[in-house]
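Taken in sequence, the protein lines are chains D and P.
Numbering of the first sequence is given in numbering that gives the first Met the number 0, commencing with residue 0 and proceeding in unit increments.
Numbering of the second sequence is given in numbering that gives the first Met the number 0, commencing with residue 0 and proceeding in unit increments.
For the record, the hints were derived by calculation from the structure and aren't laboratory data.
Where hints are given, some of them may not hold.
Computed Cβ-Cβ distance ranges for the label pairs, DEER-style [unchecked claim]:
1) PRO73/P - ARG208/D: 28 to 36 angstroms
2) SER122/D - ARG274/P: 44 to 52 angstroms
3) ARG277/D - ASP263/P: 51 to 59 angstroms
4) GLU104/D - GLU155/P: 50 to 58 angstroms
5) GLY189/D - GLU206/P: 40 to 48 angstroms
6) GLY23/D - PRO329/P: 54 to 62 angstroms
7) GLU257/P - ASP210/D: 53 to 61 angstroms
8) SER172/D - PRO216/P: 49 to 57 angstroms
9) GLU200/P - ARG277/D: 39 to 47 angstroms
10) ARG277/D - GLU257/P: 48 to 56 angstroms
Note that CB positions come from ideal geometry on N, CA and C, so glycine has one too.
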Amino acid sequence: MIDLPARTRRISGTRLLELCRERGIDSLVDPFMGLPMHLSVLKRHGIAVHGGDLLEWFVRAGEGLVANDFTILRESEVAEVVEMLPGRIYPADLFRAWEGVFFSEDQCRYLGVWHANVHALRSDGQTGLALVGLWHVLCHWLLKARHPDEMLDVPPSELAWHYIRETERWVVSNGRRNTVRRADFATTLGAVKAGAVYLAPPGRSGAKRIDARVWMWEAWWQGDPYLNVERLYRDTVFGGRINDDASYDRAIAEVLAASTAPYVIVQSSAAEAARFERLVRTGHPHVEVVAPNADETYIIGKR
Amino acid sequence: MTVPVGADGVLGLYSAVGDAFAGRRLGFGRRRAALAARFARHRGSDDAGVTASWVAGALAEIGLIEVVVAADAPPPARLHAFADAPLHGARMIGAFPGLSGQAADIVRWHREHDDGTGIPDRLRWDGIPADAAALGIVHGFLEAIEDPAEPREPLEALFALAAESGRRFRVELVRTFRLFAGGATPDWDAPLVPELPAIDEDAALVELVARLDARDPATGGRSERLAAIAAGLAERLGMEPGESARLARLLALGGAAENAPHDDFDPLSRIARERRAGVARRAAAIAASVPRYAPDAASLAASAAWFEDGAQDRPAAVLALAVAADALPPPDALRRLTAAAGTQLDPEVTRAYLAGLGTPR
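Hey, can you work out the whole structure from these sequences and the hints?
Here it is as structure tokens:
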């Protein structure tokens, strides 16, 4: 059974919204956005948001929830995603490698069908929405494998339908241009001008300890159950050699130096706040530390 | 099954207003508060954590007061407006002197779902603070018990929770709650009010009614105007000005409903009488549900009555006149109040008011 680690970082869009509003920030860029729910929340409240990441499925999710202002899926289109379509030839064995290890035979078959159906969708917005909705299904299945007697059995297509519909409810326009890109931090920060850069720095071994629910979905999107996402990070600033403090500090400093925004907001913990405060202070003479609770500390630097 | 009503004051009033906006039984919020606090203690929270859970349980839905959305608004607009209700609630609690930031955070995230589909942030898994996730479970449990369409016994309600295990609710917390409410804690539903910080009740009431008034552009700032009129009048009549001012503010509770009708009608018009009585009755019902304000309920309800209907208590008569004086356009006020004395308004109270204006009678 796969390990589902209990250390999810709390990235709160509403908290960021308050930090932005208190400082008159009306646009924000996150070069390590991950699943961009926080950007979606900020967008809904009128902030122009831009994000970047190296994992393609995060970017696709952003195309559905961040860049997309209007597109949703009609009933018939959801049906075309969640069910096997007559006349279409599906790669039945695409995710056979996961069968019996993580998922049942039936679930693996659905993963293959959904992979083909989502790749056949017509727009980036629809693809992103379907992809996020189906990701919830994957998470549900993995959790159910751990707690088989404590969670309801829900037919795969019903679950998929529910989560796709749930996801597309959050499509909204804020009258601004919002973007996402698959790129490293330097490209993302160089491509857009924003009032603030937000960073939730990855941990020292972030690439090695990536949550199964994240790497599996990239593997699903790429259609390669053996995909190793570590390689995506290997040559980046947070790649191989950041296990010692000095290297990690250098990596963070490199990201901060690439930012030209008036504000930088670094989310950290109480234990690491002093380290990040020192790093932020290098390029930002005015530094403020906001700690609403023990789990969230924000180091806010202003040029 | 007991229905606890704690001996609380203005926090109870905030809680009842949250209940009213959510369309729940008045007192639901305080029951949720007691259960959330007991569950927090069961999970090993310290005293501060238990108090924060109580406060958050009581005020979980107060953020609805800030959600103003037209009844015919399209579903996405309604969804997005209501998604911010926990955030509004958290801000209100955060601005309350004496209440902890922990309580505000519990309210902010108590509607998050374990699978990442909740509001307002769509946090997921253990990114949701355990206290907030626990309050979400308590809320879901009581909602199932008090479901007006299909009320359930506690055991059945536990099954309703189990159906959402791993989706709305964290599996481990549902398991703990089933042990807690399923027999391990016999007094799980007994009333409980923890040690609360001292709160300036008058200031909190002013803040609450100002928010209620602000929901409708036609009533913005009205309660303070009414309070000033009522206090001045009470003083001239030898009554306690503070009590009259409080009563005038409590009348704003009549607007505590999602689609409360406008009440910017002519207060002396017979056509609008029923609407005015409805507002007064709703205010009285909310006040009656909170022990500290229950004695005010009768005067609030009576404030919509007319003098010709029979004897009216003096505080109600003062309130009725304050409402009329505030609503009438100044050029008409003198003439119409004079005409209404003895029929719609108490003549003695009217005389005192007009005398205060420097008008000989």
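Hints, verified against the model:
| no. | hint | result |
| --- | --- | --- |
| 1 | PRO73/P - ARG208/D: 28 to 36 angstroms | 43 angstroms, violated |
| 2 | SER122/D - ARG274/P: 44 to 52 angstroms | 50 angstroms, holds |
| 3 | ARG277/D - ASP263/P: 51 to 59 angstroms | 58 angstroms, holds |
| 4 | GLU104/D - GLU155/P: 50 to 58 angstroms | 35 angstroms, violated |
| 5 | GLY189/D - GLU206/P: 40 to 48 angstroms | 47 angstroms, holds |
| 6 | GLY23/D - PRO329/P: 54 to 62 angstroms | 41 angstroms, violated |
| 7 | GLU257/P - ASP210/D: 53 to 61 angstroms | 40 angstroms, violated |
| 8 | SER172/D - PRO216/P: 49 to 57 angstroms | 26 angstroms, violated |
| 9 | GLU200/P - ARG277/D: 39 to 47 angstroms | 46 angstroms, holds |
| 10 | ARG277/D - GLU257/P: 48 to 56 angstroms | 50 angstroms, holds |
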